[in-house]
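What follows is each chain in one-letter form.
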Amino acid sequence: MLADSGGGGAIVPFSGDPNHAAPPPPPVRPIRHGVAPPISRVFVSWSSGNLLQVACLSGGRGAEEVAGSVVEVNLAVANGSAEVEQEIDEAEMRRIEYGSVPAFALLQSRRNALADAAAMQHMHSVSERAEWWQYVLQYSKTIGKLLGSPDSLPGLMIEDPRAILKVRERPTSLKAAWELLEIFYVDKNLHSWLPERLVDWLADYDSLLTKTDGTVYCKLSDFQKKLINLQVVENDPDYWNGLSAALSVGWLDVVVNMLRFHGSYQLDQMDNRETENGLVEAVAVLVSTMPRMRPDLPTGKLGQCCTSRPDFIKAWEKWRGQVSKLECSAFWIQCGHQKTRDGLKNLLHIMMGNIKDLTAATSHWLELFASHFLYIRPFTVGFEGMHHLAQKCIQLKPSFGNSGLTGLLNGILSENPEVVLAECTKKFGPWMVTHSMELLAADNEYADIMLHEERPNFGGLSIEELHRLVYAQVLSSHSLTWQIAPTYLSSCLNQGLGLLEILLLKQPIQDNRQVLKTLELCRLYELENVSTNIMKIAGIYHWKHGRKGTGVYWFQQAHDKVRLDRIAQQLFERIGKSVADDNFKQWEGLVELLGSDIGSAGGLEFLHRYRDFKRSLQQALEGRTGEAARQTVEFLIQLMRNPSTPQRFWLPLLHDSVRLLNCKPCPLLNVAETTLLLNKLQELSMAKLRPDFCTNHLPSHALSSVRLALASNLARAILEEP
Amino acid sequence: MADRQVAQLGPGTACCGWNHCGRRLAAGAIDGTVSVYDSQPSPSSRWQAHEHAIVNVVWLPPDYGDAIACVCADGTLSLWEEVAEDDQLPSWRKCKVFEGGNSHILSVQFGLLLSSLKMVTAYSDGQVKVYELLDSLELDKWQLQAELQNITDPVSRNGKPACISASIAWSPRRGESQQASFAVGFNSDSPHFNSCKIWEFEEAHQRWLPLIELGSVEDKGDRVHAVAWAPNIGRPYEIIAVATSKGIAVWHVGFNPESECRLSTESVAVLPGHNGEVWQLEWDMGGMTLASTGSDGMVKLWQANLNGVWHEQAVLDCNGSHD
Numbered sequence: 001m002l003a004d005s006g007g008g009g010a011i012v013p014f015s016g017d018p019n020h021a022a023p024p025p026p027p028v029r030p031i032r033h034g035v036a037p038p039i040s041r042v043f044v045s046w047s048s049g050n051l052l053q054v055a056c057l058s059g060g061r062g063a064e065e066v067a068g069s070v071v072e073v074n075l076a077v078a079n080g081s082a083e084v085e086q087e088i089d090e091a092e093m094r095r096i097e098y099g100s101v102p103a104f105a106l107l108q109s110r111r112n113a114l115a116d117a118a119a120m121q122h123m124h125s126v127s128e129r130a131e132w133w134q135y136v137l138q139y140s141k142t143i144g145k146l147l148g149s150p151d152s153l154p155g156l157m158i159e160d161p162r163a164i165l166k167v168r169e170r171p172t173s174l175k176a177a178w179e180l181l182e183i184f185y186v187d188k189n190l191h192s193w194l195p196e197r198l199v200d201w202l203a204d205y206d207s208l209l210t211k212t213d214g215t216v217y218c219k220l221s222d223f224q225k226k227l228i229n230l231q232v233v234e235n236d237p238d239y240w241n242g243l244s245a246a247l248s249v250g251w252l253d254v255v256v257n258m259l260r261f262h263g264s265y266q267l268d269q270m271d272n273r274e275t276e277n278g279l280v281e282a283v284a285v286l287v288s289t290m291p292r293m294r295p296d297l298p299t300g301k302l303g304q305c306c307t308s309r310p311d312f313i314k315a316w317e318k319w320r321g322q323v324s325k326l327e328c329s330a331f332w333i334q335c336g337h338q339k340t341r342d343g344l345k346n347l348l349h350i351m352m353g354n355i356k357d358l359t360a361a362t363s364h365w366l367e368l369f370a371s372h373f374l375y376i377r378p379f380t381v382g383f384e385g386m387h388h389l390a391q392k393c394i395q396l397k398p399s400f401g402n403s404g405l406t407g408l409l410n411g412i413l414s415e416n417p418e419v420v421l422a423e424c425t426k427k428f429g430p431w432m433v434t435h436s437m438e439l440l441a442a443d444n445e446y447a448d449i450m451l452h453e454e455r456p457n458f459g460g461l462s463i464e465e466l467h468r469l470v471y472a473q474v475l476s477s478h479s480l481t482w483q484i485a486p487t488y489l490s491s492c493l494n495q496g497l498g499l500l501e502i503l504l505l506k507q508p509i510q511d512n513r514q515v516l517k518t519l520e521l522c523r524l525y526e527l528e529n530v531s532t533n534i535m536k537i538a539g540i541y542h543w544k545h546g547r548k549g550t551g552v553y554w555f556q557q558a559h560d561k562v563r564l565d566r567i568a569q570q571l572f573e574r575i576g577k578s579v580a581d582d583n584f585k586q587w588e589g590l591v592e593l594l595g596s597d598i599g600s601a602g603g604l605e606f607l608h609r610y611r612d613f614k615r616s617l618q619q620a621l622e623g624r625t626g627e628a629a630r631q632t633v634e635f636l637i638q639l640m641r642n643p644s645t646p647q648r649f650w651l652p653l654l655h656d657s658v659r660l661l662n663c664k665p666c667p668l669l670n671v672a673e674t675t676l677l678l679n680k681l682q683e684l685s686m687a688k689l690r691p692d693f694c695t696n697h698l699p700s701h702a703l704s705s706v707r708l709a710l711a712s713n714l715a716r717a718i719l720e721e722p
Numbered sequence: 001m002a003d004r005q006v007a008q009l010g011p012g013t014a015c016c017g018w019n020h021c022g023r024r025l026a027a028g029a030i031d032g033t034v035s036v037y038d039s040q041p042s043p044s045s046r047w048q049a050h051e052h053a054i055v056n057v058v059w060l061p062p063d064y065g066d067a068i069a070c071v072c073a074d075g076t077l078s079l080w081e082e083v084a085e086d087d088q089l090p091s092w093r094k095c096k097v098f099e100g101g102n103s104h105i106l107s108v109q110f111g112l113l114l115s116s117l118k119m120v121t122a123y124s125d126g127q128v129k130v131y132e133l134l135d136s137l138e139l140d141k142w143q144l145q146a147e148l149q150n151i152t153d154p155v156s157r158n159g160k161p162a163c164i165s166a167s168i169a170w171s172p173r174r175g176e177s178q179q180a181s182f183a184v185g186f187n188s189d190s191p192h193f194n195s196c197k198i199w200e201f202e203e204a205h206q207r208w209l210p211l212i213e214l215g216s217v218e219d220k221g222d223r224v225h226a227v228a229w230a231p232n233i234g235r236p237y238e239i240i241a242v243a244t245s246k247g248i249a250v251w252h253v254g255f256n257p258e259s260e261c262r263l264s265t266e267s268v269a270v271l272p273g274h275n276g277e278v279w280q281l282e283w284d285m286g287g288m289t290l291a292s293t294g295s296d297g298m299v300k301l302w303q304a305n306l307n308g309v310w311h312e313q314a315v316l317d318c319n320g321s322h323d
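Chains A and B, in that order, give the protein sequences.
Each residue of the first sequence is one higher than the one before, starting from 1 at the first, in full-length UniProt numbering.
Each residue of the second sequence is one higher than the one before, starting from 1 at the first, in full-length UniProt numbering.
Since the hints were made in silico from the structure, they are not lab data.
Treat the hints with caution; some may be incorrect.
[Stated by the list, open to error] In silico DSSO-like pairs for lysine-lysine, Cα to Cα no more than 30 Å straight-line:
id, chain 1, residue 1, chain 2, residue 2
1, A, Lys219, A, Lys145
2, B, Lys96, A, Lys561
3, A, Lys145, A, Lys211
4, A, Lys166, A, Lys211
5, B, Lys141, B, Lys129
6, A, Lys318, A, Lys339
7, A, Lys188, A, Lys225
8, A, Lys561, B, Lys94
9, B, Lys246, A, Lys688
10, A, Lys397, A, Lys339
11, A, Lys166, A, Lys141
12, A, Lys506, B, Lys96
13, A, Lys506, B, Lys129
14, B, Lys141, A, Lys506
15, B, Lys96, B, Lys160
16, A, Lys506, A, Lys561
17, A, Lys345, A, Lys325
18, B, Lys246, B, Lys129
19, A, Lys314, A, Lys339
20, A, Lys301, A, Lys339
21, A, Lys301, A, Lys318
22, B, Lys94, A, Lys506
23, B, Lys141, A, Lys561
24, A, Lys141, A, Lys225
Please model the complete structure; the sequences and the hints are all you need to start from.
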């Protein structure tokens, strides 16, 4: 399953589009394979995740060296989410992917714990819900921190007093989008001062709003470049434009800082500019004391912080009164510098909420939107009328080169989680969608239902599960990230484990470390069947590639009785062919490995007895002790009595013992034992006549030499019998 | 860019097949040689497998080692496995050759069930044979389990069709308790043999039975060019894609042991396919995206959305210039 592409149809269609008009044909992506056309044949194969192997074979019968080429295409890449890819490189994205796993896993386990608790108490309590959004907020903060750029500038640096825009860290759209979702969907504490949060957000991410149209940020950074060469700033219209722009979006610290660049502050003045300076300073004071309805103000931010609504209304009316008073002041007549007078008056008009001036001062509709909350509708609470206002601002300032952020905000303001989800998919990629769904559903019942409803037309998948599967496939497409895919797959109740099984079975088994890693994952997710299969696959691989010991080890781990029995059988065959001593060591090791714990494997039991017999025989022939000789014949009798000893081994066993039987002066076997062996020999002679008799490459006189040895043993045994 | 060249195939390459994890590739050539590539541009092994052109290479399931089956233009089929002794470099060994007899072997596919390996071969006279591997360690002992004709109606048994190609797809389920089943369709002059049918092994009578035919009344006899059975990671129904000259049909097949009508089939989409014949169909590991290749030199990817509507998701053009 691929992530949505920009052009093709979407997996999750907008529910607002009931007709589902045929999607436009997807863009055609050329494959660079280096084979001369014409192409006679194309073969494809999926490997892990979204990797597609494409083999193109040349149709020409020429004598070219290369007649075909195999290209691996990663369909997850260059498939939407272009905005994210431009900003964040592969390694950085991987850092985010790995970093978000613990937070995601913790949230899932908390969800399960809450669900278990609710099931125990047979109720869905309100407090449970209340607890939940705090967990999500914690999760959101953790992820938000992760999205901060690690290459941010160190805090201890000498600040240039003429620097207008303080550089903190490189803002990314991903972080901007994440914060936007957090503001609107998770943080309940913020609802009473939502507009201020939006203003703060804009201060951080204004530069990302558009690449083609202007923004306040652009204006200021352009002016910053110009500033070095400016002698008298107040004569430059861009100075005043920058000031009004910064003020319109509430960047009070920037405005006050810039006002201090004004020439009237300079001490070595030739002309009399006290009044002018007084007016500049008066505006600066008004700007820095603007009342703001918010719980706190971070250091460096200006304004008068009001935590309660009545305080704010009171402070606001007082402040507005001061602004109006200054606007009507008589001092303006004494201000000789025309541009200063006009510029300052413009700032006052902005503070008084003059729509015309605000519209002129802002560049992007979102800036105009924010300025409305600051100066025209300062008492707005929560969502109230936001969508309508946004539409009005868009009409006033239509924008063409929109980024994903504005689309996202549109979706949020229109209270349409489907649009939000679609924008996330299209612009920010599968990581964002998978992780942001938690935010969407934190406190929004509609989104919760939309995300979790099972779709019968799609095999019973829910949207949430689908997106997690898509993301897991993206992770599976890379050898460095596939290991974290199981976390997401295991959070999918319907089909996640099915995909996890396939993913684990697709991992290569040539490398033992890799196998151990895969098996550890199997253990973690209790996939015993899968681990058994993997062990069997590893076993056969090593067995076939000359590492018999490793092969047997894996077969044993997998409790693969069929194959172990078969291996034991192969060993018999080898033993049956030749019992030469140089061979003994080799198969003795294998028998050792096969172990004795597999009781049902009859062949193995035989092999173990046979090994004991051979060891003992060697010792006896080396002439160490008479005890060894006695022990050997005991093993021989046991073997011959045991029904699990294959008939074709009877003769080799007896033949092996001939030297032993012959070399001892006193008989090793008593009459009964010898008779048993002679009977077996007789049985063997009869069997030899049957067509299915298995010959065992012993010399033709083997049978008669065994018979002779047994006969002489019998004779001696009879004589010794008491 | 996201494309990475992984191998260069030698002259005369006619077909290729990947192993289960997609990291090994076997390519058959018109001179009867086979080359195996291991994530290196040049082959790790190359040997003469047949006297005539190789038309199809298929890997066996990894549970039986690294092994391939080669279908030769002369109608025979050979099985090869990679083996090594101690520290020596691995080499490929011939395990078994299947003769076509009076007809040609057209196609082969392997299925795993109840820890035994099954092989289905399709012949140019419309025969289908099912073999079972007798030895779990060696690939040389096979037993013929069944001989079938891809028809549901015994009346149509008369006469032998002339088949150009056959498409076989095993049910990809690995479960121990699952029923064995596969789908097979022919490209022949006989409409009865053509239509794709699902065969299932009936334990009670130890025989293969045609369960169901995938085809609407008017399309039943269409020549089948490719069949692919999607992996099922938890859907209540199976998805099978069948390519004919009319396009690619996507079928939902429900196996409900409880209900009276045990099987239900529904053609949920007929995708336009390719401009020309469809060569190959391949499902991704989740069974949600279908890749198709065709004589127009395109690779197309198909997906359903949440409403179950199938659409073309992406197109890869392989007719590109020589760069």
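A quick look at each hint next to the structure:
1. A:Lys219 <-> A:Lys145: Holds - the C-alpha atoms of Lys145 of chain A and Lys219 of chain A are around 29 Å apart, at most 30 Å.
2. B:Lys96 <-> A:Lys561: Satisfied, since the Cα-Cα distance of roughly 25 Å is no more than 30 Å.
3. A:Lys145 <-> A:Lys211: 25 Å, holds
4. A:Lys166 <-> A:Lys211: 20 Å, holds
5. B:Lys141 <-> B:Lys129: Given pair Lys141 of chain B, Lys129 of chain B holds - Cα atoms ~15 Å apart, limit 30 Å.
6. A:Lys318 <-> A:Lys339: Judged against 30 Å, a Cα distance of about 28 Å means the pair holds.
7. A:Lys188 <-> A:Lys225: 41 Å, violated
8. A:Lys561 <-> B:Lys94: It holds: about 27 Å lies between the C-alpha atoms, which stays within 30 Å.
9. B:Lys246 <-> A:Lys688: 65 Å, violated
10. A:Lys397 <-> A:Lys339: Distance of about 27 Å is within 30 Å: holds.
11. A:Lys166 <-> A:Lys141: Holds, at roughly 23 Å.
12. A:Lys506 <-> B:Lys96: Holds, at roughly 27 Å.
13. A:Lys506 <-> B:Lys129: Holds. Lys506 of chain A to Lys129 of chain B sits at ~29 Å (cutoff 30 Å).
14. B:Lys141 <-> A:Lys506: 27 Å, holds
15. B:Lys96 <-> B:Lys160: Holds, at roughly 28 Å.
16. A:Lys506 <-> A:Lys561: 24 Å, holds
17. A:Lys345 <-> A:Lys325: 12 Å, holds
18. B:Lys246 <-> B:Lys129: 28 Å, holds
19. A:Lys314 <-> A:Lys339: Violated, because 33 Å separates the two Cα atoms, which is more than 30 Å.
20. A:Lys301 <-> A:Lys339: 27 Å, holds
21. A:Lys301 <-> A:Lys318: 21 Å, holds
22. B:Lys94 <-> A:Lys506: Holds, at about 26 Å.
23. B:Lys141 <-> A:Lys561: 19 Å, holds
24. A:Lys141 <-> A:Lys225: Violated: Lys141 of chain A and Lys225 of chain A sit about 35 Å apart, past 30 Å.
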